[in-house]
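Build out the structure end to end from the sequences listed, making use of the hints.
Protein chains: 2
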Amino acid sequence: MRVTLLAAQSLDGFITKHDQAGTDFTSEADKLHFRKALGGFDCSVMGGETYRVARDFLRTRLSTQRCRVVLTRSPEAYAAEAVPGQLEFSNVGAATLVKDLAARGFQHCALLGGAQLHGLFFQAGLVDELWITVEPLLFGQGTPLLAKRVDVRLSLLSSEKLSADTLLLKYRVQR
Amino acid sequence: MRVTLLAAQSLDGFITKHDQAGTDFTSEADKLHFRKALGGFDCSVMGGETYRVARDFLRTRLSTQRCRVVLTRSPEAYAAEAVPGQLEFSNVGAATLVKDLAARGFQHCALLGGAQLHGLFFQAGLVDELWITVEPLLFGQGTPLLAKRVDVRLSLLSSEKLSADTLLLKYRVQR
Chain L
216 MRVTLLAAQS
226 LDGFITKHDQ
236 AGTDFTSEAD
246 KLHFRKALGG
256 FDCSVMGGET
266 YRVARDFLRT
276 RLSTQRCRVV
286 LTRSPEAYAA
296 EAVPGQLEFS
306 NVGAATLVKD
316 LAARGFQHCA
326 LLGGAQLHGL
336 FFQAGLVDEL
346 WITVEPLLFG
356 QGTPLLAKRV
366 DVRLSLLSSE
376 KLSADTLLLK
386 YRVQR
Chain Z
216 MRVTLLAAQS
226 LDGFITKHDQ
236 AGTDFTSEAD
246 KLHFRKALGG
256 FDCSVMGGET
266 YRVARDFLRT
276 RLSTQRCRVV
286 LTRSPEAYAA
296 EAVPGQLEFS
306 NVGAATLVKD
316 LAARGFQHCA
326 LLGGAQLHGL
336 FFQAGLVDEL
346 WITVEPLLFG
356 QGTPLLAKRV
366 DVRLSLLSSE
376 KLSADTLLLK
386 YRVQR
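Protein sequences appear in the order of chains L and Z. Numbering-wise (this note's numbering), the first sequence opens with residue 216 and increments by one. Numbering-wise (this note's numbering), the second sequence opens with residue 216 and increments by one.
One or more of the hints may lead you astray.
One copy or two, it doesn't matter: identical chains are merged, so the pair holds either way.
In the SDA-like style, the derived pairs of lysine to any residue whose C-alpha atoms are separated by at most 25 angstroms in a straight line are [stated by the list, open to error]:
1. K363 <-> L377
2. K376 <-> D239
3. K246 <-> L372
4. K246 <-> V365
5. K246 <-> S378
6. K385 <-> L341
Keep in mind that the hints were calculated from the coordinates and are not lab data.
Right, dumping it as structure tokens:
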């Protein structure tokens with residue numbers, strides 16, 4: 216199973232504008248790309264905070280096409296929202312989760328935030344690709360792409376313009 | 216006078232690797248680009264810490280082609296190193312410095328770090344362009360591109376590959 220981190224960031228590497236949760240800063244071009252790109256993944260993983268921000272939106276869009284897994288310390292708190300195979304809550308470690316999903320036959324997993332989860336996945340060597348949208352913005356402060364110290368080398372797969380000012384950069388993680 | 220910030224960063228926005236001062240992480244392609252690009256500037260500005268890291272290198276390369284100005288709280292401490300028109304030390308504010316350099320007839324000013332100075336120049340609205348080298352690296356921690364909270368919108372001027380994995384992105388600051 217291939218794990219791909221999808222995120223939109225400011226040029227200076229922040230996935231939120233200052234302390235504003237969510238991705239209101241992203242362009243229409245990125246939103247379009249993101250929706251389209253997600254169609255290529257049969258499962259996705261996000262952290263509890265990312266889920267809470269997107270919750271209302273996500274719960275109206277559940278389908279058997281993609282299994283969403285929320286990693287949270289308290290899966291039991293979300294028991295009423297769980298839909299097996301569509302929206303699941305788990306507190307296993309990142310490596311165990313990836314192994315379990317692969318064993319269930321999933322092939323393309325999208326890692327969807329937040330910064331803590333990105334950091335954990337990178338520290339455990341679980342990420343294969345990054346698809347990063349670079350918005351033409353500078354924030355100086357905000358949530359970083361990765362909330363952990365890492366030392367990762369990438370190979371550039373492609374660079375394309377999503378619009379006049381927004382870039383989509385795809386990288387493979389070197390092992 | 217046009218002010219251009221030149222910097223190399225990791226994909227996640229750090230201009231140093233963790234707490235290692237300097238730019239040892241940058242590629243040969245970036246070093247080549249940087250030397251060549253600097254030839255197009257008739258003056259440059261850097262902070263005291265950036266100067267101290269590059270000091271030995273810089274002092275052997277002084278020329279009348281480019282006036283280097285170091286912004287420091289203690290210009291008097293560097294009096295013995297000053298060469299008027301080539302290497303100057305000043306403690307005036309960023310806006311005053313830009314005004315003074317323009318009045319002396321300089322046309323293209325390179326802003327060369329560090330993060331504090333970048334932040335001050337952006338907060339004062341003094342930067343016209345950014346030329347950012349994006350190295351195929353993730354650090355998670357390090358010195359950020361800008362050490363101040365800002366809210367800046369950019370226009371993408373160009374995107375080019377300096378090597379297979381290293382990008383050079385040029386932006387204009389929207390006013």
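| request: Evaluate K385 and L341 at a C-alpha cut-off of 25 angstroms and name the case that applies: within, between, both or neither. | output: within (17 angstroms within a copy, 32 angstroms between copies)
| At most 25 angstroms between C-alpha atoms: does K363 with L377 qualify within a copy, between copies, both, or neither? | Intra 29 angstroms, inter 28 angstroms, cutoff 25 angstroms: neither.
| Is the C-alpha distance from K246 to L372 at most 25 angstroms within one copy, between copies, in both cases, or in neither? | both (21 angstroms within a copy, 22 angstroms between copies)
| request: With 25 angstroms as the alpha-carbon cut-off, assign the pair K376 and D239 to within, between, both or neither. | output: For K376 and D239, only the intra-copy Cα distance (20 angstroms) is at most 25 angstroms; the inter-copy one is 30 angstroms.
| Taking 25 angstroms as the upper bound on the Cα-Cα distance, should K246 and V365 be classified as within, between, both, or neither? | between (28 angstroms within a copy, 23 angstroms between copies)
| Between the shortest in-copy and the shortest cross-copy C-alpha distance, which are at most 25 angstroms for K246 and S378: within, between, both, or neither? | within (12 angstroms within a copy, 29 angstroms between copies)
This entry does not satisfy hint 1, going by the numbered hints stated previously; all others are met.
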